[in-house]
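Asker: All chains, full assembly: derive it from the sequences and hints.
Residue numbers (our numbering), protein chains in the order written: chain A, 1 to 442; chain B, 443 to 706.
Some clues are possibly wrong.
[Said to hold, decoys possible] In silico BS3-like links for lysine-lysine, alpha-carbon gap of 25 Å or less: (1) Lys449/B to Lys492/B; (2) Lys627/B to Lys137/A; (3) Lys537/B to Lys624/B; (4) Lys683/B to Lys642/B; (5) Lys59/A to Lys186/A; (6) Lys627/B to Lys692/B; (7) Lys255/A to Lys642/B; (8) Lys371/A to Lys649/B; (9) Lys141/A to Lys687/B; (10) Lys627/B to Lys59/A; (11) Lys687/B to Lys59/A; (12) Lys371/A to Lys141/A; (13) Lys137/A to Lys649/B; (14) Lys329/A to Lys642/B; (15) Lys615/B to Lys649/B; (16) Lys141/A to Lys649/B; (17) Lys646/B to Lys137/A; (18) Lys329/A to Lys538/B; (19) Lys687/B to Lys587/B; (20) Lys255/A to Lys35/A; (21) Lys59/A to Lys43/A; (22) Lys255/A to Lys537/B; (23) Lys255/A to Lys578/B; (24) Lys578/B to Lys537/B; (25) Lys646/B to Lys48/A; (26) Lys538/B to Lys255/A; (27) Lys627/B to Lys52/A; (28) Lys137/A to Lys624/B; (29) Lys371/A to Lys646/B.
Hints listed in this document are in silico derivations from the structure and should not be mistaken for laboratory results.
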Amino acid sequence: MDYLSNILFAIILIAGIGFFIKNVLRLSRNIKLGKDVVVNDNKPQRLKNMAKIALGQTKMVVRPIAGFLHIIVYVGFIIINLEVLEIIIDGLFGTHRIFAFLGNSYNFLIGSFEILAVLVIVAVVIFWIRRNIIRIKRFIKPEMNGWPKNDGNLILYIEFVLMALFLTMNAADYQLQLLDAPHYTKAGAFPASQFIASLFSNMSMSSLIIVERTAWWLHIVGILFFLNYLYYSKHLHILLAFPNTYYGSVEPKGKLNNLEAITKEVKLMMDPSADPYAAPEENPEEDTPEKFGASDVQDLNWVQLLNAYTCTECGRCTSSCPANLTGKKLSPRKIMMDTRDRLEEVGKNIDANKGVFVDDGKQLLGDYITKEELWACTTCNACVEECPVSISPLSIIQDMRRYLVMEQSAAPVELNNMMSNIENNGAPWPYNQMDRLNWVEE
Amino acid sequence: MSNDKLKVPTMEQCMAEGRQPEILFWVGSAGSFDDRAKKISRAFVKILNKANVDFAVLGTEESCTGDVAKRAGNEFLFQMQALMNIEILNGYEIKKIVTCDPHSFNCLKNEYPGLGGTYEVIHHTQFIQNLMASGKLNVTGSLYKGKRITFHDPCYLGRANNEYNAPREVLQKTTAEIVEMKRHKRTALCCGAGGAQMFKEPEKGDKDVNVLRTEDALSTAPNIIATGCPYCITMMTDGVKNKEKEDTVKVMDIAEIIAAAIEQ
Numbered sequence: 001m002d003y004l005s006n007i008l009f010a011i012i013l014i015a016g017i018g019f020f021i022k023n024v025l026r027l028s029r030n031i032k033l034g035k036d037v038v039v040n041d042n043k044p045q046r047l048k049n050m051a052k053i054a055l056g057q058t059k060m061v062v063r064p065i066a067g068f069l070h071i072i073v074y075v076g077f078i079i080i081n082l083e084v085l086e087i088i089i090d091g092l093f094g095t096h097r098i099f100a101f102l103g104n105s106y107n108f109l110i111g112s113f114e115i116l117a118v119l120v121i122v123a124v125v126i127f128w129i130r131r132n133i134i135r136i137k138r139f140i141k142p143e144m145n146g147w148p149k150n151d152g153n154l155i156l157y158i159e160f161v162l163m164a165l166f167l168t169m170n171a172a173d174y175q176l177q178l179l180d181a182p183h184y185t186k187a188g189a190f191p192a193s194q195f196i197a198s199l200f201s202n203m204s205m206s207s208l209i210i211v212e213r214t215a216w217w218l219h220i221v222g223i224l225f226f227l228n229y230l231y232y233s234k235h236l237h238i239l240l241a242f243p244n245t246y247y248g249s250v251e252p253k254g255k256l257n258n259l260e261a262i263t264k265e266v267k268l269m270m271d272p273s274a275d276p277y278a279a280p281e282e283n284p285e286e287d288t289p290e291k292f293g294a295s296d297v298q299d300l301n302w303v304q305l306l307n308a309y310t311c312t313e314c315g316r317c318t319s320s321c322p323a324n325l326t327g328k329k330l331s332p333r334k335i336m337m338d339t340r341d342r343l344e345e346v347g348k349n350i351d352a353n354k355g356v357f358v359d360d361g362k363q364l365l366g367d368y369i370t371k372e373e374l375w376a377c378t379t380c381n382a383c384v385e386e387c388p389v390s391i392s393p394l395s396i397i398q399d400m401r402r403y404l405v406m407e408q409s410a411a412p413v414e415l416n417n418m419m420s421n422i423e424n425n426g427a428p429w430p431y432n433q434m435d436r437l438n439w440v441e442e
Numbered sequence: 443m444s445n446d447k448l449k450v451p452t453m454e455q456c457m458a459e460g461r462q463p464e465i466l467f468w469v470g471s472a473g474s475f476d477d478r479a480k481k482i483s484r485a486f487v488k489i490l491n492k493a494n495v496d497f498a499v500l501g502t503e504e505s506c507t508g509d510v511a512k513r514a515g516n517e518f519l520f521q522m523q524a525l526m527n528i529e530i531l532n533g534y535e536i537k538k539i540v541t542c543d544p545h546s547f548n549c550l551k552n553e554y555p556g557l558g559g560t561y562e563v564i565h566h567t568q569f570i571q572n573l574m575a576s577g578k579l580n581v582t583g584s585l586y587k588g589k590r591i592t593f594h595d596p597c598y599l600g601r602a603n604n605e606y607n608a609p610r611e612v613l614q615k616t617t618a619e620i621v622e623m624k625r626h627k628r629t630a631l632c633c634g635a636g637g638a639q640m641f642k643e644p645e646k647g648d649k650d651v652n653v654l655r656t657e658d659a660l661s662t663a664p665n666i667i668a669t670g671c672p673y674c675i676t677m678m679t680d681g682v683k684n685k686e687k688e689d690t691v692k693v694m695d696i697a698e699i700i701a702a703a704i705e706q
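Answerer: Take a look at the structure:
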């Protein structure tokens, strides 16, 4: 009979982890739908960025209130999850508080978990108030309607419930320890849950056991649920912030990549010795000419797609975007959310069609991101600077502009004029190159 | 302004004289053709002449860097411009370039190397800072005493290339009072001209970016809005006009501010 709960636990654990692995594989498959790009330069700087930005949260604290609260939740979550290790061992082997032998260190750990749990609850409540009562501007932009808004709140509810369950479990356990209940090892310190425990003081031992076991089970099942909720949520950032800050750019923000395929063509064009009528070289890999720029997610590179999955929809980018601040349609956060949504759609299409993408008549450009948004960007890098996890919405905007201009000749008329001026007389205005030095004499 | 004739040798002349100048002044399309920006070019040359800097320009051999085409999405046109310019720059064996335009600065510094054009590229505010630090240029007199100057960070100097201090240090030397806008340095708001916006009408919205940025600047009650970019100058000047403050608030490039001070 006793083994029943151990077996049940093992089944839930394996299912939870198994489902999680399935999601990770799907995630990595989708990210690899992006174009290959080799990112192996400057590894020391990349590791440093990951340590500082993801682990050290340096960019979060640029906005001190949100940053401070986020650090509480982040530290609380990581540290309290140490407890999960004990829960798993206890669950599998029917032990109870297996690490109790650590003595004072154990008491210290449990005590700190409790204090952190209380702090997390406080932080989560403040977060909820910021989103729903104060309604901070960046949380109520149009792209946040529906699922994104619910997702944000749902994460807060889940965190609240998990912390509450943890404290309830400890409170009941503490009360059982006081009652000398068999199997309940006397261990741990309960600086927070002792106050809840006083509510349990009139309960019988068997009721207390039910409370303790229920909280214990719900807590671990809740954690496994949360683990699998990640893939469907902006909360995925808790994992992807690490690779994303590692693969984020280590170049000056102003540097925009040069397209190599174009360099080849331009050099050929400018080479006076090139024979324009020469037969193209036989090269099977170059059968399909490369598409310039991006109109759909497969045209973006995998780092840009990783960016999309990492976005936590905090809206710091949008709240600092000059276009958005002046009422234009562009919102850098929406660029990232659209990219992820479309990537998910493409991924589901592939799943439904036995591993191959079947044209669904849709694409990122037009069906998700409009030209109006793309042309409103001033390429000022404010969004890139603001992102606490090193996402570049600008790089996606630039690649989509490239598609519009080079594949569709669909630049705004004034920009076409500007570009033909450059082509004809080497300046964006219609002045003769021979007059370039006239400013000296004026 | 003084009527001293500006000395602006071209690379072609230097080559004919068999000498290699220390640095190339990349004037840029705005600096060559835009009426307002031409004044910045002249002011900067006044500084170069005053400090006896051995420089030259490409003159009619210079062409658009292609930066604005690249930002608009036309990588073809950008690379054509870049490769043409690189051929000329490498032909003259240029090692060091200074420019008053942060967009040219960024493009030459970060995007030309990948196409075979590697140079030491300096923004004019950095160059002026160096001249001052090495004692080659001194600002004396009290032209700006008691004046309030606020500095608007050009995106392609600041965020794009992390240079926030050079222009501020130069301004410090004028003894003016430097007042910062709420959004400055890392969080500075764009003037609205970047990413080829300079050459098109803005998208539909409830305000123009340059007006919002001008409000930022005016809230510091400045006598002068200083910046280091010809496009920012245009946008901020328009913003000040929009707010009908052109009689009390000047919009000036750092080079103009310093040139006026050394001419006293």
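Asker: Now look at each hint and say whether the structure bears it out.
Answerer: How the hints compare with the structure:
{"no.": "1", "hint": "Lys449/B to Lys492/B", "in the structure": "10 Å, holds"}
{"no.": "2", "hint": "Lys627/B to Lys137/A", "in the structure": "23 Å, holds"}
{"no.": "3", "hint": "Lys537/B to Lys624/B", "in the structure": "38 Å, violated"}
{"no.": "4", "hint": "Lys683/B to Lys642/B", "in the structure": "19 Å, holds"}
{"no.": "5", "hint": "Lys59/A to Lys186/A", "in the structure": "42 Å, violated"}
{"no.": "6", "hint": "Lys627/B to Lys692/B", "in the structure": "21 Å, holds"}
{"no.": "7", "hint": "Lys255/A to Lys642/B", "in the structure": "23 Å, holds"}
{"no.": "8", "hint": "Lys371/A to Lys649/B", "in the structure": "19 Å, holds"}
{"no.": "9", "hint": "Lys141/A to Lys687/B", "in the structure": "34 Å, violated"}
{"no.": "10", "hint": "Lys627/B to Lys59/A", "in the structure": "15 Å, holds"}
{"no.": "11", "hint": "Lys687/B to Lys59/A", "in the structure": "37 Å, violated"}
{"no.": "12", "hint": "Lys371/A to Lys141/A", "in the structure": "19 Å, holds"}
{"no.": "13", "hint": "Lys137/A to Lys649/B", "in the structure": "18 Å, holds"}
{"no.": "14", "hint": "Lys329/A to Lys642/B", "in the structure": "16 Å, holds"}
{"no.": "15", "hint": "Lys615/B to Lys649/B", "in the structure": "36 Å, violated"}
{"no.": "16", "hint": "Lys141/A to Lys649/B", "in the structure": "18 Å, holds"}
{"no.": "17", "hint": "Lys646/B to Lys137/A", "in the structure": "20 Å, holds"}
{"no.": "18", "hint": "Lys329/A to Lys538/B", "in the structure": "42 Å, violated"}
{"no.": "19", "hint": "Lys687/B to Lys587/B", "in the structure": "21 Å, holds"}
{"no.": "20", "hint": "Lys255/A to Lys35/A", "in the structure": "20 Å, holds"}
{"no.": "21", "hint": "Lys59/A to Lys43/A", "in the structure": "20 Å, holds"}
{"no.": "22", "hint": "Lys255/A to Lys537/B", "in the structure": "20 Å, holds"}
{"no.": "23", "hint": "Lys255/A to Lys578/B", "in the structure": "32 Å, violated"}
{"no.": "24", "hint": "Lys578/B to Lys537/B", "in the structure": "21 Å, holds"}
{"no.": "25", "hint": "Lys646/B to Lys48/A", "in the structure": "41 Å, violated"}
{"no.": "26", "hint": "Lys538/B to Lys255/A", "in the structure": "19 Å, holds"}
{"no.": "27", "hint": "Lys627/B to Lys52/A", "in the structure": "21 Å, holds"}
{"no.": "28", "hint": "Lys137/A to Lys624/B", "in the structure": "19 Å, holds"}
{"no.": "29", "hint": "Lys371/A to Lys646/B", "in the structure": "12 Å, holds"}
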